[in-house]
Amino acid sequence: MNKTVTANISGVVFHIEADAYEKLHQYLNTIRNYFHDSDGKDEIMADIEARIAELFSQALEEGREVVTMANVKQVIEIMGEPEAYMSDPDEEESAKSTHNTRSKSEKFYSKKLYRDEDDNLIGGVCSGIGYYFGIDKIWLRAAFLIAFFGFGTGLLVYIILWIIIPSAKTTAEKLEMKGEPINVDSIGNAIKDEFHSFKKKVNNGDASEYGHKAKHGIYRFFEFLGKVLYYAAYFIIKFLAVILVLAATLGLIAFITLLLGGPFDLSIHNSEIDQYWLSEYGNLFFSSNLMYSLGLLGVCLVVIIPILGLLYGGLKILFKIPSSNKAVGLTAISLWVIGIILMVISGSSTGSQFSSEQTFIETQSLPNITSDTISLKALGQEHGMLKEGDDFFIEGESLFLDALSVDVVKSESNEVELYIRKQSRGPSRKKAGQLAQNVKIIYEATDHELLFNELIEVPVEDKYRDQEVEVSIGLPIGKSIYLTETANWFIYDIENVSNTYDGKMIGHHWIMTAEGLSCQDCEWLNKPERLEQDLEAEEALLREAELIQKEAEKLQREAEKKAIEAERLLRNTN
Amino acid sequence: MKIENTKAQMRKGVLEFCILSILESQEAYPSEIIDKLKEGKLIVVEGTLYPLLTRLKNAGLLKYRWEESKSGPPRKYYALTEVGIEFLKELELTWTDLVNAVNLTRNKKSKA
Chain A
1 MNKTVTANIS GVVFHIEADA YEKLHQYLNT IRNYFHDSDG KDEIMADIEA
51 RIAELFSQAL EEGREVVTMA NVKQVIEIMG EPEAYMSDPD EEESAKSTHN
101 TRSKSEKFYS KKLYRDEDDN LIGGVCSGIG YYFGIDKIWL RAAFLIAFFG
151 FGTGLLVYII LWIIIPSAKT TAEKLEMKGE PINVDSIGNA IKDEFHSFKK
201 KVNNGDASEY GHKAKHGIYR FFEFLGKVLY YAAYFIIKFL AVILVLAATL
251 GLIAFITLLL GGPFDLSIHN SEIDQYWLSE YGNLFFSSNL MYSLGLLGVC
301 LVVIIPILGL LYGGLKILFK IPSSNKAVGL TAISLWVIGI ILMVISGSST
351 GSQFSSEQTF IETQSLPNIT SDTISLKALG QEHGMLKEGD DFFIEGESLF
401 LDALSVDVVK SESNEVELYI RKQSRGPSRK KAGQLAQNVK IIYEATDHEL
451 LFNELIEVPV EDKYRDQEVE VSIGLPIGKS IYLTETANWF IYDIENVSNT
501 YDGKMIGHHW IMTAEGLSCQ DCEWLNKPER LEQDLEAEEA LLREAELIQK
551 EAEKLQREAE KKAIEAERLL RNTN
Chain B
1 MKIENTKAQM RKGVLEFCIL SILESQEAYP SEIIDKLKEG KLIVVEGTLY
51 PLLTRLKNAG LLKYRWEESK SGPPRKYYAL TEVGIEFLKE LELTWTDLVN
101 AVNLTRNKKS KA
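Residue numbers (our numbering), protein chains in the order written: chain A, 1 to 574; chain B, 1 to 112.
There may be inaccurate statements among the hints.
Just some of the chain A residues that point at chain B, by a computed CB distance under 8 Å [to be verified]: (1) 7; (2) 10; (3) 12; (4) 39; (5) 40; (6) 47; (7) 51; (8) 57; (9) 79; (10) 83; (11) 228; (12) 232; (13) 233; (14) 235.
Pairs of lysine to any residue, SDA-like flavour, derived with a Cα cap of 25 Å [stated by the list, open to error]: (15) A:169 / B:12; (16) A:73 / B:38; (17) A:73 / B:37; (18) A:137 / B:45; (19) B:7 / A:77; (20) B:41 / A:80; (21) A:41 / B:35; (22) B:57 / A:78; (23) A:178 / B:70; (24) B:2 / B:101; (25) B:89 / B:10; (26) B:57 / A:40; (27) A:41 / B:101; (28) B:57 / A:43; (29) B:63 / A:167; (30) B:7 / A:447; (31) B:38 / A:57; (32) B:12 / A:57; (33) B:12 / A:5; (34) B:7 / A:121; (35) B:70 / A:121; (36) A:178 / B:8; (37) A:73 / B:6; (38) A:169 / B:4; (39) B:7 / A:78; (40) B:57 / A:28.
Worth flagging that the hints you see were computed from the coordinates, not collected in a lab.
On a predicted model such as this, the values are computed, not experimentally measured, just so you know.
No residue lacks a Cβ here, since even glycine has one placed at the ideal position from N, Cα and C.
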């Protein structure tokens with residue numbers, strides 16, 4: 001059972017099934033929209049409706065009473081789909097001529113951005129934009145070409161525009177595309193026109209539809225206010241859209257820059273580390289190249305898709321781009337979710353690489369250190385290769401990490417010894433142990449010097465698994481160690497009897513006693529309280545001296561004045 | 001250059017000429033005109049004819065009268081106006097010239 005609707009088509013009454021009526025109604029509306037610019041639009045519509053009524057009448061002659069969906073579909077087939085109307089090139093011309101004469105009174109936002117596939121090199125993006133702004137497409141093409149060589153951004157933007165801007169297929173769309181260029185002038189004119197026609201309506205008084213209402217000043221005022229607010233809102237929205245587009249573009253550029261690394265590095269320093277792009281660094285953390293790629297892809301999707309969404313939204317508001325199909329949005333959301341999933345997969349697989357920890361301990365004695373006093377120094381210039389904020393770099397087959405800490409303890413024998421604790425993470429304790437064993441420290445020992453490189457060396461294929469080395473220098477009782485300035489790069493929490501912290505231990509000699517390390521030349525340790533008192537006394541004396549000096553200066557000036565006076569008196573008496 | 005565009009352009013010029021020619025001998029209502037145009041494959045769907053007729057009428061080349069119909073609403077019967085007849089004559093001359101010109105150039109080409 002179907003519901004029917006009664007409709008009067010061109011003076012004839014029909015019973016039409018509800019869904020069939022809906023379809024027909026939609027069809028006629030679409031056609032009417034296509035003709036809205038043409039002369040004789042009403043007449044054409046009346047003719048078409050008359051013909052439809054005739055076709056229905058013929059179809060119903062077979063004895064049925066109700067117009068069905070099949071009838072409507074048949075009629076549409078005979079009359080033609082809306083697109084067919086406008087693909088008639090004849091109509092295009094007439095519509096264009098009428099459009100031009102009317103365009104001035106039309107609202108300025110009726111113009112829309114389309115791609116012109118009749119006049120294209122690739123996708124007609126430039127021609128379409130050209131129409132929109134009234135710029136010759138050759139300039140836009142040149143701009144895109146230049147931008148293409150600017151790290152391929154032109155290509156990316158072009159592809160995005162290609163996807164989001166629909167092509168002008170029907171004549172109506174082509175007209176919307178080619179309408180009067182939108183610029184400050186045309187917008188201004190449109191507003192003027194709006195106010196003008198409104199004023200005319202109000203002034204014409206009784207004849208106009210505003211007639212009696214217009215006599216009330218308050219109504220007029222609010223009407224005016226409404227218009228002002230409308231245009232204010234219009235511009236604010238456009239302005240926000242511009243900001244949205246700019247922000248999204250900047251975000252996109254920033255992200256791509258980050259991805260590509262090096263070439264865009266804006267920081268001032270310029271050392272070898274800049275040569276390593278994110279890709280090379282990234283590989284160090286992930287379990288495999290595949291996981292790294294998946295993770296990177298995931299991050300790209302998760303970051304870029306919302307940015308593109310903003311860009312799309314902004315452009316749509318800005319250029320009145322007609323909405324495209326929902327598939328784009330659905331695809332975007334699915335891709336975003338896929339991105340999240342990829343990140344989770346990659347992240348958890350990488351996380352498992354860090355799940356276990358193992359330590360590898362070895363002892364090395366240094367019999368060639370014979371001197372009673374050892375100087376602790378940094379080895380080589382390697383420190384200079386690391387910049388602040390960077391913790392590692394790759395050179396050849398090795399990864400260098402800033403992960404060495406050096407301590408000084410009591411030796412277990414009567415020789416200088418090194419107690420080396422290497423530590424690493426890994427997917428299992430066994431693997432972590434292997435990784436820990438692979439870590440190398442770089443040091444040198446002479447008869448009176450001990451030199452450490454503050455970087456530890458890891459084979460690059462071992463990757464970064466939070467490898468660390470703690471070296472304790474075993475110092476026999478009675479021997480002392482001198483901490484030089486450069487030792488500050490790697491010493492960490494050296495215990496001593498006076499609880500002096502690392503930074504203050506630098507530049508002093510420390511002797512190993514039965515109680516622990518003790519300073520030999522820290523004068524403040526002997527009389528720690530005197531220091532503060534001295535400072536206070538010194539300050540008080542200085543203040544006093546200053547006062548006396550001022551007094552002296554004052555007296556001096558007075559003396560000079562008196563002398564001048566005396567001289568003057570002397571001359572007068574002469 | 002798309003072949004569809006060129007075809008459409010060619011058909012466009014001929015279409016008006018054909019409509020006027022159909023109406024030369026007798027008056028007709030849109031479906032009759034459509035049937036004849038469909039025979040010549042000049043037009044596929046009816047919808048495109050109505051705007052064209054309206055424009056020719058507005059240009060003063062066609063006039064119409066209403067006639068009651070047994071099946072449905074009254075029909076518009078179109079006929080040529082004086083201007084329309086003159087216009088058609090001009091078009092016929094032009095058409096003959098064009099056909100000659102096309103034949104001439106094409107024959108020359110095939111000979112060469």
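Problem set entry | residue 41 of chain A paired with residue 101 of chain B [C-alpha distance capped at 25 Å] | Roughly 38 Å separates the two Cα atoms, so the pair is violated.
For this session: Identify whether the interface hint at residue 12 of chain A stands, where standing means a beta carbon of chain B within less than 8 Å of its own.
Result: 5 Å, holds
For this session: With a cut-off of 25 Å on the C-alpha distance, tell me whether residue 38 of chain B and residue 57 of chain A pass.
Result: 22 Å, holds
Problem set entry | Hint consistency between residue 7 of chain B and residue 78 of chain A [alpha-carbon to alpha-carbon, up to 25 Å] | 22 Å, holds
For this session: Would you check the hint for residue 178 of chain A and residue 70 of chain B, treating anything up to 25 Å between C-alpha atoms as holding?
Result: Roughly 46 Å separates the two Cα atoms, so the pair is violated.
Exercise. For the hint on residue 47 of chain A, does the least C-beta distance to chain B fall short of 8 Å?
Worked result: It holds, given that the least Cβ distance between residue 47 of chain A and chain B is near 4 Å, below 8 Å.
Exercise. Does the nearest C-beta of chain B fall within a distance shorter than 8 Å of the C-beta of residue 232 of chain A?
Worked result: Hint violated; residue 232 of chain A Cβ to chain B Cβ min 40 Å, cut 8 Å.
Exercise. Hey, residue 73 of chain A versus residue 37 of chain B, does the alpha-carbon distance stay inside 25 Å?
Worked result: Given pair residue 73 of chain A, residue 37 of chain B holds - Cα atoms ~22 Å apart, limit 25 Å.
Problem set entry | Distance restraint between residue 137 of chain A and residue 45 of chain B, which requires alpha-carbon spacing of 25 Å or less | 36 Å, violated
For this session: Would you mind confirming whether the straight-line C-alpha gap from residue 7 of chain B to residue 447 of chain A stays at or under 25 Å?
Result: 98 Å, violated
Exercise. Between residue 12 of chain B and residue 5 of chain A, is the straight-line Cα distance small enough, at 25 Å or below?
Worked result: Status violated; Cα separation ~40 Å.
For this session: Grab the minimum C-beta distance from residue 79 of chain A to chain B and call the hint holds if it beats 8 Å, violated otherwise.
Result: Since the shortest Cβ distance to chain B is 4 Å, the answer is holds.
When the structure is compared with the earlier hints, violations turn up for hints 1, 10, 11, 12, 13, 14, 18, 23, 27, 29, 30, 32, 33, 35 and 37 and for no others.
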